[in-house]
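Chains as they are written, first to last, in the working numbering: chain A, 1 to 215; chain B, 1001 to 1334; chain C, 2001 to 2555.
Source of the hints: derived by calculation from the structure; they are not laboratory data.
Some clues are possibly wrong.
[Unchecked claim] Derived Cβ-Cβ restraints for the label pairs, each shown as a range:
no.	chain 1	residue 1	chain 2	residue 2	range
1	B	Glu1053	C	Arg2500	54 to 62 Å
2	B	Arg1120	A	Ile112	52 to 60 Å
3	B	Thr1027	C	Ala2298	46 to 54 Å
4	C	Asn2164	A	Phe202	53 to 61 Å
5	B	Glu1053	C	Ala2298	28 to 36 Å
[Stated by the list, open to error] Here are some chain A residues the structure puts well away from chain C; computed CB gaps all over 10 Å:
no.	residue
6	His9
7	Leu23
8	Glu32
9	Arg49
10	His60
11	Asp62
12	Ile74
13	Ala104
14	Leu110
15	His119
16	Ile163
17	Gly180
18	Ser181
19	Ile198
Idealized CB from N, CA, C, for every residue including glycine.
Next come the chains, spelled out residue by residue.
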Amino acid sequence: MSVSPALQHHFDDMQQQSQAAGLGMWLFLATEIMFFGGLFAGYTVYRWRFPAAFADASGHLDVRLGAVNTAVLILSSLTMALAVRAAQRGRRRGLLLFLIVTMALGSVFLGIKASEYEHKLEEGLLPGPGFVYPGPQAGAAELFFGFYFTMTGIHALHMVIGIGVLAILLVPARRGAYSGSYFAPIELAGLYWHFVDIIWIFLFPLLYLLGQGVH
Amino acid sequence: MGEGFPLLPESASTFAAELNLLFGYLTAVSLLFAGLIFTLVVAFAIRFRRRSEGDRPQPREGDLRLEALWTLIPLAIALSFFGWGADLFFRMKSPPADPLEIYVVGKQWMWKVQHQEGPREINELHVPLGQPVKLTMTSEDVIHSFYVPAFRVKQDVLPGRYTTLWFEATRTGEFHLFCAEYCGTEHSLMGGRVVVMSPVDYQIWLGGGRSGESLAEAGARLYDRLGCNSCHDAGPTARGPLLEGLYGSEVALAGGGTAIADEAYLRESIVEPGARVTAGYDEIMPTYAGQISEEGLLQIIAHIRSLGGALSLPGPGEPGGAQPSLRSEPGGGQ
Amino acid sequence: MSGAGGGDRQRGRYEGEVAREHYLNAAYGIRTWLLTTDHKRIALLYLISITLFFFLGGLFAVLIRLELLTPPGDLVQSETYNRLFTMHGLIMIFFFLVPSIPAVFGNFLLPLMIGARDLAFPRLNLASWYVFTVGGLFTLGAVVGGGVDTGWTFYTPYSSTYANSAVILTALGVFITGFSSIMTGINFIVTVHKMRAPGLTWFRLPLFVWAQYATSLIIVLGTPVLAISITLVAVERLFRIGIFDPALGGDPILFQHLFWFYSHPAVYIMVLPAMGVMSEVIACFARKRVFGYAFVAASSLAIAVLGFLVWGHHMFVSGQSLYAGMIFSVLSMLVAIPSAVKVFNWTATLYGGSISLATPMLYALGFIGLFTMGGLTGLFLATLAVDVHVHDTYFVVAHFHYIMVGGAVMGYLAAMHFWWPKMTGRLYPELWGKVSAVILFVGFNLTFFPQFVLGYLGMPRRYHFYPPEFQVLNVLSTAGASILGLGYLIPMVYLIWSLRYGQRAGPDPWRAKGLEWTVPSPPPVHNFEATPRVTEEAYDYAAVLPPAPLPEEGR
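Produce the entire structure from the sequences given, and follow the hints as far as they go.
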C-alpha cells in the first residue's frame, strides 16, 4: 500500500496525522472560546450594571443589517460544509466552487460590517474623544459601543483570517490535492469557519437585540 | 516608631494581638512541617546513601494509608488556618455600632484626612485611644491602599467608590502609615503617620487649629452654593426627595427594588443621578460629576447625615446589612 | 585537539572514535538552525533566547537590590526604579519562567520520553519560537524606549489612564508571546494524546510528561484570558472608552478579575514542570520508582483544575466582597494539598533508596526544601486576616521568589544538569556542579528569607524609599543576592566549558530509566532507529541490577 505524499515523517500513518491535526484544531478553538469569553464576561458585567443604557444604545444598531449578516454567515457555513463534503468526495470543481462562494459570503459579511462601521462613525458613535450620544447615560452607552467595536472588530479580524486561509487552500485544491484519503486541511478550515460563525450567533442577539421590545 | 533593628512589628490595635497569635500558630505549624521534611530528607539521604553499586533499593512503591494520612491531616490543618483567619477577617470587616467616623481621600501622592469636627490633615491621622475608628475612603485617581502595619489593617482605596476600614487603637504613639498599592512615581513617599492620643489629648487636638467649621457645616455651605437646596429643601421649588432622616434608611427605587442610603448611594446620586432614582420622582436631576471634588462630596454627605437618619449602618452580619450597593460595587458590598 | 580550520573538525569525532551523526552535526549553517523543525534544535534555540532574557531580568534585579541597600532612593530616580521592578517582573515571568522548562526540556524530551520521532506539529513548534522572539523584541523595544512602570500586574486605572510609559508596546509584546505559549501547549497536548509508542499507556508515562500535560492544559485555557485583559488595557489607552476607569463609568476591579484569572494559573504553569523534573531526578538518584506514582500524577491534574478557582486570593483587600473572599480563601487552602502530597511522596521515595548526591539530586533536594517553605507561606497568604496585614508587602515578594526561584529555577537547573549529557553529549565537572548548587542554596536563602521578616514588619513592596529601620534586613538581602548571582554565573562558565572540554557522555551516564536514556547522547535526528515497544512500568529500577560503575567524578 503506497504511503500518501501528505504523510509527514514523524507520523506513523495518515490516521494518526489527521487525528492529531483535528485534536490540535479543537484545542485551538478552546483557546478562542476563552479569548472571546473574557470579552463576553466584561460585556456581561456592564450590561448588568447599566441595563437601560445598554438597551438604549443597542437600539442605535441596525437590526436589519445585523440579521442579514447573520443569514449570510449561516449560509456561508452551509457552503463551507458543502466544500468539505466535496473535498471528501474528490470533487475538485465542487470544492473550488464552494470555497469561493464561502469566501464571497464572508466578504459580503465584512462589507456590510464596514458600512455599518462607517455609519456609526458618521453618527459619532466611535468611542473616544469624538463620541456624541443623544440619549441619557452617555458614559454607559460609550461602554456599550466600546464593547461593540472591540467584539465585532476582533470577530471581523477572525473572518479576514478565515478568508485568507481559504484563499491559501485554493491553491492545493486547484491542483486536486484533496480526496477521500486526505482532506484534513479543508475539514480543519471548516471547523474554524463554523466556530467564527458561532461566535457571531452569540454576538448578534447580545449586541443587536437588547433594545428590541423594551422601548 | 521604633529604632534600630526590629524583628517584630509593633502591636497597637485590638486586631494586632490576635493576629500575632494567628501568625504565631501558622509559623509554628509551618516550622513543624518544614522541619519534619528537612529532617526526613537529610536523614534518608544519609541513611540510604549509595554505598556500592550493588545496592538494591527496597521496592516500596505506595501506601494508600500514608496517602490518606498526608492528604487529610494537611487538609484539616489548612482548614483550621482558614477558619480562624476567616473569623478574624469577618470581625475586621464589621465595625461596631457608632464608631468615630473619619473620611480619607487618597490621591497621587498624598493622603487627605477629614475629621467630622472640621480639622483636616495631610499624610497624618490623629485618633483617640481605645475607641473604634471607622475610615471611609476614596481615591481621586488610581487605586491606593491605606496600610497601618502596627494596627494590622489595610484596605485598597478606589476611585469612584467608597471602601471602609475600622480599628481600635490600644497604644498611644506614632505609627507608620503607608500606601500599599503601587500608584506611580512617588508611591513609596505616599505615607506618614498615625498618631494615637489619649481621648483627652485628642479632644484638645481637635479643638486647636480648627477652621471653625465642621465637615457637615462645610457640606451645608457647598449644598447651598451648588443650589441643591432649590430641589431638595422643602418649599415651592422642591422637586427631589427631601433629605431629612434619609441617611441609612431604605429607599424604594423607581422601577422596583430598594437601596440603603449609605455613603455610596448618596455619592452615586450626586454624580450619576439616573442610576437609581427614588420611586415617585422623575429622572431630572443633573449630574455633578466633575464639578465637585471627592472631598466636597464627602462634605455634602456629612451634611446629609447631620440631617438625621441611622447613626450607623448595619454591618455585614446584621439584618439589613451586607446588601451590596448594586451599581457602585459589582463585586459585592463593602 | 583544537583543529586548525573549522572544516575538518567535526563534532562527534575525537581520537579513535568513528564519527556519529546526531542532531547537532547532521547539518551545519545558520539556516539549518533558523529553519529547523527538529524539536531538539528548537529546544536549544529557546535555551539561548531565555538565557539572554534571564540575564537581562537579572541585571534589573541587581540594580534593584543595589538601590535598596540604603533607605533613600539615591541610586536611580523613582521613575527609573518603578520601571526596573516592572521590567524585572515582566521579563522573568513571561520571557524566562513560563517558557523555561516546557520550551527547553519539554520540547527536547517529550518526544524522546514517549518514543516519538518529533512533536505532533514540528512547524508549529518552530513558529512558536519565532512568535516568542517577536514578542520579546517588542518588549525589548519597550525597555529601550524607556520602559514601562505599571508593575507587571498592570493594575487599572493607573495602567489604562495615568501611566506615562510604554504600556501598549509592552502589552503587545506580552500578547504576542502568549501565543507562543499557547502554540507550545497545543503541541504538547496533542503529542501526548496521539504519539505515544505502543505499550506506553498513560500510567506508564514518566511523571515529567504528566506534569507537562497538566501545564499545557493550563496554558491553553488561561493564556487567552490574559491576552484579552491586556488588549482591553491597550484599547482603553487608545480610545479612552472607560472600561476600567470609574471616571468614565468603568470598573477597575474587573481588570483584576480578568488579569488574575490567568495570572494565578500562570504560577502553576511555572512550577508544575519543575515538579515534573523532581520526579525524574529523585527517581533516578534514589534508584527507585517514585512513591505513590498515581497520586503524584493525579496531583498534577488537581493543581491544574483547582488553580483556576482561586484567583480572588490576590484580591482580598481590593474591595471584593467579604463572601467572595471567604470562598477564595477556602479554595486556596485546597489547592495547597496536592502540592503537599507531592512533597511527601518525593520524601517517601528517598526512604529505602540507593541515594547518590549528584548535582541534579542536590538541586532536587534544594527544591524540596525551598518549595516547601514557599508553599507553606502561601497558606499564610491564603489566610484572610493574615493577608490583610502582609498583602502587598515583602512577605508576598519572598513567598513567590521561594516558589519561583527556590522552586522553579532550581528545578530548571536540576533539569539542566540531569539532561545536559543527553542534550550535548558531554559531562560537566561534577565538583563545580555541587559547589554552585550549594552556593545557590545559601545565597538564595540569605536573599529572600529576610524579606519574610521585612514583610511582616510592614515594608510594602514596590518601594523605592523605605524607613531606616528596615535597612539591616535589606542589606542582608542584597548581600545574599550577590552570592545568588555567583551561583548562577558559575554554571554558565562550566557548562559552556564542558561543550568543548567535558568528558563525553554515553547514552545513560546516570543509569536512569526512561526512553530518552536508550538513545545515544546526543540523540540522532529522528530519535529512534525503530519505534520502541514499551513493556515495563515507569521507573522500573527494581528490575535491573546496576551493572558497571559510574563514570569518574570531577574533572
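Results for each hint:
1. About 30 Å separates the C-beta atoms of glutamate 1053 of chain B and arginine 2500 of chain C, a value inconsistent with the hinted range of 54 to 62 Å.
2. Distance hint check: the CB atoms of arginine 1120 of chain B and isoleucine 112 of chain A are about 59 Å apart, consistent with the given range 52 to 60 Å.
3. The beta-carbon spacing between threonine 1027 of chain B and alanine 2298 of chain C, approximately 30 Å, falls outside the hinted interval of 46 to 54 Å.
4. In this structure the supplied range 53 to 61 Å is violated for asparagine 2164 of chain C paired with phenylalanine 202 of chain A, their Cβ-Cβ distance being about 38 Å.
5. For the hinted restraint 28 to 36 Å between glutamate 1053 of chain B and alanine 2298 of chain C, the CB-CB distance of approximately 34 Å keeps it satisfied.
6. Residue placement check: histidine 9 of chain A does not keep its beta carbon more than 10 Å from all beta carbons of chain C (closest about 7 Å).
7. For leucine 23 of chain A, the shortest C-beta to C-beta distance to chain C comes to about 5 Å, within the 10 Å cut-off, and the non-interface label is violated.
8. With a closest Cβ-Cβ approach of about 7 Å to chain C, glutamate 32 of chain A is found to fall inside the 10 Å limit, against its non-interface label.
9. At roughly 8 Å, the least C-beta separation between arginine 49 of chain A and chain C is not larger than 10 Å, which violates its mark as non-interface.
10. Non-interface call for histidine 60 of chain A relative to chain C: holds, since the shortest CB-CB distance, roughly 16 Å, exceeds 10 Å.
11. With a least CB separation of 21 Å from chain C, aspartate 62 of chain A remains clear of the 10 Å interface cut-off, as annotated.
12. The beta carbon of isoleucine 74 of chain A sits about 26 Å from the closest Cβ of chain C, which is more than 10 Å, so the claim that it is off the interface holds.
13. The beta carbon of alanine 104 of chain A is kept farther than 10 Å from every beta carbon of chain C, the shortest such distance being approximately 29 Å.
14. For leucine 110 of chain A, the shortest C-beta to C-beta distance to chain C comes to about 21 Å, beyond the 10 Å cut-off, and the non-interface label holds.
15. The claim that histidine 119 of chain A lies off the interface holds: its Cβ sits roughly 18 Å from the closest Cβ of chain C, which is beyond the 10 Å cut-off.
16. The beta carbon of isoleucine 163 of chain A sits about 20 Å from the closest Cβ of chain C, which is more than 10 Å, so the claim that it is off the interface holds.
17. Residue-level check passed: glycine 180 of chain A sits 21 Å from the nearest beta carbon of chain C, beyond 10 Å.
18. Non-interface call for serine 181 of chain A relative to chain C: holds, since the shortest CB-CB distance, roughly 19 Å, exceeds 10 Å.
19. Distance check for isoleucine 198 of chain A against chain C: the nearest CB is about 16 Å away, which clears 10 Å, and the non-interface claim stands.
The structure shown violates the earlier hints numbered 1, 3, 4, 6, 7, 8 and 9.
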